[in-house]
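Residue strings, one per chain:
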Amino acid sequence: MGLLSSVFKKNVSEAPQKPAAPAKAADVVQKVETTNKEVKPVVDKISVGYTHLSGCTGCTVALADNYGGLLTLLDRYVDLKYHLTLADVRHIQKVDVAIVEGSVCIQDKLAVEEIKETREKAAIVVALGGCACYGNITRFSRGGQQNQPAHESYLPIGDLIKVDVYIPGCAPTPQMIRNVCVMAYLLLKGTKEQKELATKFLTPLMNMAAKGTSACFCELMTEVINQGLCMGCGSCAAACPVRAITMEFGKPNGERDLCIKCGACYSQCPRGFFNTDVVSEYEAINEAIMAALQ
Amino acid sequence: MGAELGKYKQVVAARSADKEILKGAQDGGIVTSLFAYALDEGIIDGAIVAGSYEDDPNVESTASQNHHWRPKPVVVTTKAELLAARGTKYNISPNVSLIKEATRSYGLDKVGIVGTPCQMQAIRKGQLYPFGWRDVESSIALAVGIFCMENFPYQSILQLVEDHAAMKLESVKKMEIGKGKFWVYGKRGQVVQLPLKVTHKYEQPGCHVCMDYVANLADISTGSVGSPDGWSTVFVRSKIGDSVWAKAMAAGVFETQPIEKVKPGLELVSKLANEKITKNRNTLEARKTFGVGKGLRNPFI
Amino acid sequence: MSKVVEISPTTRHEGHSKLVLKVNDAGIVETGNWCSITPVRGVEKLAVGKTPEQVPKIASRVCGICPIAHCLAATEAMEASIKVEVPKDAKLLRYILQLANRCHSIALHDILILPDLYLPGTDVKINPFSPEEPVRSVAKRIQRLREIGQTIGQIAGGEAIHPSNPRVGGMYMNCSPQAKTKMYDLAKEGLVLAHQQMDFMIAVLRNYQKRDWVDVGGMKVPLPKDLGYHDQGYLATHPYYGSSSMDECPTWSLDRFKEVRPWDWYMGEMEITLEEPKYPIGGTTKLGTKVNPQMEACTGIPMYDGAPVEVGPRARLVTYKKFDEKGTIGQNVAREMEYTDSFYEMIDCIDALNPSGKVVADYIPNGDGTLGWASNEAPRGTDVHIAKVKDWKVQYFSMLVPTTWNFATCSAALTGAPWQLAEVIMRGYDPCVSCATHMIVVNEDNKVVAQKLIQQ
Ligand SMILES: Cc1cc2nc3c(=O)[nH]c(=O)nc-3n(C[C@H](O)[C@H](O)[C@H](O)COP(=O)(O)OP(=O)(O)OC[C@H]3O[C@@H](n4cnc5c(N)ncnc54)[C@H](O)[C@@H]3O)c2cc1C
Ligand code: SF4
Ligand code: SF4
Ligand code: SF4
Ligand code: SF4
Numbered sequence: 001m002g003l004l005s006s007v008f009k010k011n012v013s014e015a016p017q018k019p020a021a022p023a024k025a026a027d028v029v030q031k032v033e034t035t036n037k038e039v040k041p042v043v044d045k046i047s048v049g050y051t052h053l054s055g056c057t058g059c060t061v062a063l064a065d066n067y068g069g070l071l072t073l074l075d076r077y078v079d080l081k082y083h084l085t086l087a088d089v090r091h092i093q094k095v096d097v098a099i100v101e102g103s104v105c106i107q108d109k110l111a112v113e114e115i116k117e118t119r120e121k122a123a124i125v126v127a128l129g130g131c132a133c134y135g136n137i138t139r140f141s142r143g144g145q146q147n148q149p150a151h152e153s154y155l156p157i158g159d160l161i162k163v164d165v166y167i168p169g170c171a172p173t174p175q176m177i178r179n180v181c182v183m184a185y186l187l188l189k190g191t192k193e194q195k196e197l198a199t200k201f202l203t204p205l206m207n208m209a210a211k212g213t214s215a216c217f218c219e220l221m222t223e224v225i226n227q228g229l230c231m232g233c234g235s236c237a238a239a240c241p242v243r244a245i246t247m248e249f250g251k252p253n254g255e256r257d258l259c260i261k262c263g264a265c266y267s268q269c270p271r272g273f274f275n276t277d278v279v280s281e282y283e284a285i286n287e288a289i290m291a292a293l294q
Numbered sequence: 001m002g003a004e005l006g007k008y009k010q011v012v013a014a015r016s017a018d019k020e021i022l023k024g025a026q027d028g029g030i031v032t033s034l035f036a037y038a039l040d041e042g043i044i045d046g047a048i049v050a051g052s053y054e055d056d057p058n059v060e061s062t063a064s065q066n067h068h069w070r071p072k073p074v075v076v077t078t079k080a081e082l083l084a085a086r087g088t089k090y091n092i093s094p095n096v097s098l099i100k101e102a103t104r105s106y107g108l109d110k111v112g113i114v115g116t117p118c119q120m121q122a123i124r125k126g127q128l129y130p131f132g133w134r135d136v137e138s139s140i141a142l143a144v145g146i147f148c149m150e151n152f153p154y155q156s157i158l159q160l161v162e163d164h165a166a167m168k169l170e171s172v173k174k175m176e177i178g179k180g181k182f183w184v185y186g187k188r189g190q191v192v193q194l195p196l197k198v199t200h201k202y203e204q205p206g207c208h209v210c211m212d213y214v215a216n217l218a219d220i221s222t223g224s225v226g227s228p229d230g231w232s233t234v235f236v237r238s239k240i241g242d243s244v245w246a247k248a249m250a251a252g253v254f255e256t257q258p259i260e261k262v263k264p265g266l267e268l269v270s271k272l273a274n275e276k277i278t279k280n281r282n283t284l285e286a287r288k289t290f291g292v293g294k295g296l297r298n299p300f301i
Numbered sequence: 001m002s003k004v005v006e007i008s009p010t011t012r013h014e015g016h017s018k019l020v021l022k023v024n025d026a027g028i029v030e031t032g033n034w035c036s037i038t039p040v041r042g043v044e045k046l047a048v049g050k051t052p053e054q055v056p057k058i059a060s061r062v063c064g065i066c067p068i069a070h071c072l073a074a075t076e077a078m079e080a081s082i083k084v085e086v087p088k089d090a091k092l093l094r095y096i097l098q099l100a101n102r103c104h105s106i107a108l109h110d111i112l113i114l115p116d117l118y119l120p121g122t123d124v125k126i127n128p129f130s131p132e133e134p135v136r137s138v139a140k141r142i143q144r145l146r147e148i149g150q151t152i153g154q155i156a157g158g159e160a161i162h163p164s165n166p167r168v169g170g171m172y173m174n175c176s177p178q179a180k181t182k183m184y185d186l187a188k189e190g191l192v193l194a195h196q197q198m199d200f201m202i203a204v205l206r207n208y209q210k211r212d213w214v215d216v217g218g219m220k221v222p223l224p225k226d227l228g229y230h231d232q233g234y235l236a237t238h239p240y241y242g243s244s245s246m247d248e249c250p251t252w253s254l255d256r257f258k259e260v261r262p263w264d265w266y267m268g269e270m271e272i273t274l275e276e277p278k279y280p281i282g283g284t285t286k287l288g289t290k291v292n293p294q295m296e297a298c299t300g301i302p303m304y305d306g307a308p309v310e311v312g313p314r315a316r317l318v319t320y321k322k323f324d325e326k327g328t329i330g331q332n333v334a335r336e337m338e339y340t341d342s343f344y345e346m347i348d349c350i351d352a353l354n355p356s357g358k359v360v361a362d363y364i365p366n367g368d369g370t371l372g373w374a375s376n377e378a379p380r381g382t383d384v385h386i387a388k389v390k391d392w393k394v395q396y397f398s399m400l401v402p403t404t405w406n407f408a409t410c411s412a413a414l415t416g417a418p419w420q421l422a423e424v425i426m427r428g429y430d431p432c433v434s435c436a437t438h439m440i441v442v443n444e445d446n447k448v449v450a451q452k453l454i455q456q
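Protein chains in written order, with this note's numbering: chain A, 1 to 294; chain B, 1 to 301; chain C, 1 to 456.
These are computed hints drawn from the structure, not numbers from a lab. Bear in mind that the values here come from a model prediction, so they are computed numbers and not experimental data. Fair warning: there could be bad hints in the mix.
[Claimed, not checked] Simulated pairs of lysine to any residue, SDA-like, Cα-Cα distance not exceeding 25 Å:
| # | chain 1 | residue 1 | chain 2 | residue 2 |
| --- | --- | --- | --- | --- |
| 1 | B | K239 | A | T276 |
| 2 | A | K251 | B | P264 |
| 3 | B | K261 | B | K279 |
| 4 | B | K247 | A | E283 |
| 5 | C | K358 | B | K9 |
| 6 | A | K109 | C | K390 |
| 7 | B | K279 | B | P264 |
| 8 | B | K239 | B | E4 |
| 9 | C | K140 | A | D79 |
| 10 | C | K390 | A | L258 |
| 11 | B | K294 | A | S214 |
| 12 | B | K279 | A | T276 |
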């Protein structure tokens with residue numbers, strides 16, 4: 001499982017069994033608050049909220065699929081203030097970081113209110129997953145379905161509020177979520193050097209958030225191939241969650257009838273962004289994340 | 001010699017101790033030997049290499065398209081398959097496209113991958129920023145990079161060989177870039193050399209912004225430049241690379257010579273790396289003002 | 001006089017839902033309504049005009065908890081419509097994917113219900129995340145079981161959450177012999193763990209069953225022996241997988257299905273007259289709040305042979321294995337019993353898989369508009385998708401998802417229980433609410449009546 005779990009791997013050596021990974025935030029948080037056993041002080045934690053809009057909960061499952069890593073994060077770094085499924089408190093509260101899953105149905109007053117409230121009460125807003133970043137499958141919504149025929153317009157959250165960080169993909173990966181959580185922690189609570197590292201790491205994700213709310217296979221065409229930048233590595237094809245991309249004579253071919261607009265391909269493409277200074281330090285960053293979790 | 005060679009723990013001239021591997025290898029057979037050894041030792045349980053379309057029963061050959069020398073990324077798990085994929089194919093093999101599938105339907109836990117410097121960049125970006133590569137990053141057990149000045153689309157190789165070198169692609173035994181020339185060796189013993197200025201127009205455009213010659217981000221990277229014919233220059237770069245290399249050396253997989261003792265040596269590697277970086281930095285500069293008040297994108301933020 | 005109490009939102013399950021309960025002086029539920037309050041993305045409608053290849057990918061994204069069921073049911077509904085024969089090894093891969101998802105899902109459900117249950121021999125409720133033994137080992141086992149399920153699913157299905165390998169006419173990729181061995185090893189390990197986990201869970205459930213009272217937010221609530229009993233029927237279409245043919249699966253017929261409005265089924269406008277601030281995590285809804293389940297419900301009420309039915313693990317065991325235990329405990333026991341069975345079945349499928357067999361049909365017709373359906377037994381029950389494909393375009397698409405079936409049945413099962421245990425009964429159904437939100441809700445004039453309501 002890479003960066004963080006390589007820490008755990010060290011502890012458990014060859015054994016395939018990962019350390020216990022209680023995936024529920026509320027109880028962990030509760031445990032910290034009530035028993036205060038073997039856990040670092042809560043004051044060190046960053047507070048995180050999770051707003052669930054029109055998404056499928058797959059992003060939540062991805063978060064939970066950090067298995068052992070999630071527990072460590074919750075034990076030490078993240079105080080989960082609200083979350084529909086994982087915490088029992090669902091009301092939006094003031095937090096350092098709000099993670100948002102799903103897009104906003106603008107015909108649904110309450111969803112609109114929730115996204116605004118999320119923004120007002122959070123220092124950093126993270127759009128998690130294709131739906132929140134780019135609309136994903138909800139881009140195809142066009143209403144007319146019984147029960148709520150008027151629910152036809154779903155917007156990525158960035159069309160209604162300022163978003164700070166993007167984590168595209170459908171579902172996004174547990175590892176990407178974990179890396180952002182650790183970096184967000186370092187950014188808010190770390191030493192000067194850690195803050196710098198976290199800023200550098202998060203910059204491309206902030207740039208993506210600033211760039212816009214639309215992505216699909218077309219980004220590879222317009223921003224990479226048309227710009228004379230594609231070198232045929234195939235990262236995009238490996239990233240696509242619906243196998244919409246095949247490599248034909250070394251260049252990506254997108255089956256646009258399959259594309260669900262998740263944004264994984266373009267964000268994965270090394271010619272989409274490549275921050276040489278950060279990626280070149282991949283070993284050191286790996287270790288930094290390991291140290292943070294040790 | 002500085003940043004152009006990237007970070008490394010050691011650099012040597014080396015070649016495989018396995019005669020069978022050397023026979024069909026491009027240079028010192030480093031890539032094939034490393035993977036064969038790693039497979040044997042369980043360091044990897046499979047590797048992504050550039051196989052060929054010719055061997056693929058699912059691809060139909062026609063008179064106009066017979067796929068000779070067209071690489072196809074494949075996952076291999078045996079030495080025989082590794083041997084079949086030896087040698088450089090001078091056109092794009094999107095090896096990274098299999099990085100996720102290798103851990104899925106191929107069932108690998110520890111993946112080896114060979115690739116050009118840009119493919120190593122893709123791998124490392126994917127490990128730090130796995131947007132669409134769930135559960136992939138820690139399965140990458142050995143990434144071997146090959147030096148690269150530029151790459152070509154398949155059509156370019158077809159035209160270079162068939163039009164410029166006047167040879168059928170299917171009768172080519174080996175291609176090589178070295179000593180300032182593009183070399184084509186025929187199966188019947190012909191040798192044709194083309195000056196590199198002929199090849200320039202055929203290069204893949206994306207290569208013109210590439211700032212890495214010697215696969216700085218690989219665990220181990222290798223190429224022919226710097227070492228005598230039949231030998232390879234090898235950089236051992238990461239902790240993983242260091243450990244694999246040390247074990248392979250102890251197991252007698254490679255013969256080595258100090259890089260300082262061989263001709264033309266590291267200086268040539270450094271010179272070529274600097275040439276590439278300078279040329280491509282200029283391209284990136286020129287892209288900024290490509291239009292009128294508008295430029296082209298620079299991916300290296 | 002009866003009073004009205006509302007638990008909203010309900011917790012420890014997927015999606016937004018709530019419980020509106022009319023209770024007598026003793027706090028026993030007279031009428032209970034469990035309803036979904038999640039918005040509608042209109043997947044059935046946006047599917048029209050798209051290719052039959054894309055729609056299952058979108059359908060999968062209706063719900064991230066049972067995406068496998070939606071992806072497979074949608075793919076197979078398309079296949080039933082265009083009449084394509086899927087190669088045997090592709091079928092096997094789908095079975096493996098299906099069973100892997102079930103194993104991960106049961107493990108997840110264990111995490112969600114454990115906090116309701118007691119450590120045998122004590123009055124201590126189980127916090128699955130406590131570092132103390134024996135709970136820590138159980139938590140480890142649950143996580144490993146989830147990981148095994150997700151990993152096998154990822155090998156057979158391409159991705160752990162939304163599978164990428166299924167396609168109309170088969171699968172994109174077969175598995176290599178190495179992948180087959182890996183799945184086999186994982187399944188073998190999983191089987192051992194599943195046995196232990198099943199034994200543990202059943203022991204804990206039996207212990208719970210024997211109790212006279214349980215603690216809810218400091219209230220000592222008497223535990224009835226018939227917790228969660230109901231007299232509705234059951235519907236299951238296959239012990240593990242599903243079907244798309246009446247010959248194979250005579251239990252499911254579209255003709256016997258009908259959907260009605262929540263208007264006919266749920267209670268109308270009422271005022272909250274009972275508030276319990278001690279109810280865990282923030283208490284129940286405030287006194288005087290207006291509620292209206294008829295209007296607020298976001299799903300219709302599907303009926304089979306004219307009545308709501310239960311779907312899910314118990315329905316499968318009743319239909320295929322002569323299981324007869326009723327109530328919430330019976331339901332949870334049935335789910336645990338499916339655990340080891342899933343692994344046994346999975347191991348058989350892996351054994352039978354030929355890694356060099358073909359996995360895509362030779363000929364994939366474009367479709368002539370025939371109505372095709374496919375059922376899939378999701379962890380939480382029967383998922384039926386219906387499709388018409390003509391000239392490689394989807395003309396009609398509909399999804400009858402498991403939790404929608406269970407809303408009305410569970411509502412019936414609430415009657416007679418102390419209201420404080422309503423959430424325990426509801427969790428027995430392992431609800432997964434977001435996928436249940438596409439369903440039809442119209443009034444007599446075919447006008448939409450439901451309004452989504454998010455609390456707070
Ligand atoms: C496009 C290209 C340009 C190159 N430019 C230079 C250069 O300027 N200077 C220099 O010193 N070396 C260059 N090389 C590297 C050199 O040609 C040899 O590949 C390298 O020295 C390894 O040789 P070997 O004998 O160790 O490997 P072998 O044992 O022969 O194995 C080579 C491995 O590389 C894989 N491979 C072949 N073609 C490709 C491809 N197109 N993409 C990805 N993998 C491939 C094969 O499948 C095989 O596994 C270049 C290689 C390529 C592909
Ligand atoms: S991005 Fe994908 S996984 Fe996340 S909510 Fe949207 S559909 Fe679900
Ligand atoms: S990831 Fe980018 S550079 Fe690589 S093949 Fe795809 S578009 Fe080209
Ligand atoms: S092509 Fe694939 S990865 Fe790219 S946006 Fe579309 S679905 Fe996502
Ligand atoms: S020159 Fe650079 S971009 Fe082109 S193939 Fe080589 S490493 Fe890749």
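Quiz item: For the pair supplied as a hint, C/K358 and B/K9, is the alpha-carbon distance within the 25 Å limit?
Solution: Outside the cut-off at roughly 47 Å; violated.
Quiz item: When you check the alpha-carbon spacing of B/K239 and B/E4, does it fall within 25 Å?
Solution: 20 Å, holds
Quiz item: Holds or violated: are the alpha carbons of B/K279 and A/T276 at most 25 Å from each other?
Solution: Since the Cα atoms of B/K279 and A/T276 sit roughly 18 Å apart, the hinted pair holds (cutoff 25 Å).
Quiz item: Are the Cα atoms of A/K251 and B/P264 separated by 25 Å or less?
Solution: Violated: A/K251 and B/P264 sit about 36 Å apart, past 25 Å.
Quiz item: Under the criterion that the straight-line Cα-Cα distance not exceed 25 Å, is the pair B/K279, B/P264 satisfied?
Solution: Answer holds: B/K279 to B/P264 is near 22 Å, not above 25 Å.
Quiz item: Regarding the pair B/K261 and B/K279, is the alpha-carbon distance no greater than 25 Å?
Solution: Status violated; Cα separation ~30 Å.
Exercise. Quickly compare the C-alpha distance for C/K140 and A/D79 to 25 Å and report which way the hint goes.
Key: With a Cα-Cα distance of about 22 Å, the restraint between C/K140 and A/D79 holds, given a limit of 25 Å.
Exercise. Verify the proposed pairing of B/K294 with A/S214, using a straight-line Cα cut of 25 Å.
Key: Cα-Cα ~22 Å, so holds.
Quiz item: Is it true that the CA of B/K247 sits at most 25 Å from the CA of A/E283?
Solution: 21 Å, holds
Quiz item: Given the proposed pairing of C/K390 with A/L258, does the C-alpha separation stay at or below 25 Å?
Solution: 18 Å, holds
Practice problem: Sort out whether C/K390 lies within 25 Å of A/K109, counting only the CA atoms. | Solution: 38 Å, violated
Self-check item: Agreement of B/K239 and A/T276 with the hint, judged by alpha carbon distance not exceeding 25 Å
Solution: Distance ~19 Å between B/K239 and A/T276 Cα, so the pair holds.
Violated hints, listed in ascending order, are 2, 3, 5, 6; each of the other numbered hints is respected by the structure.
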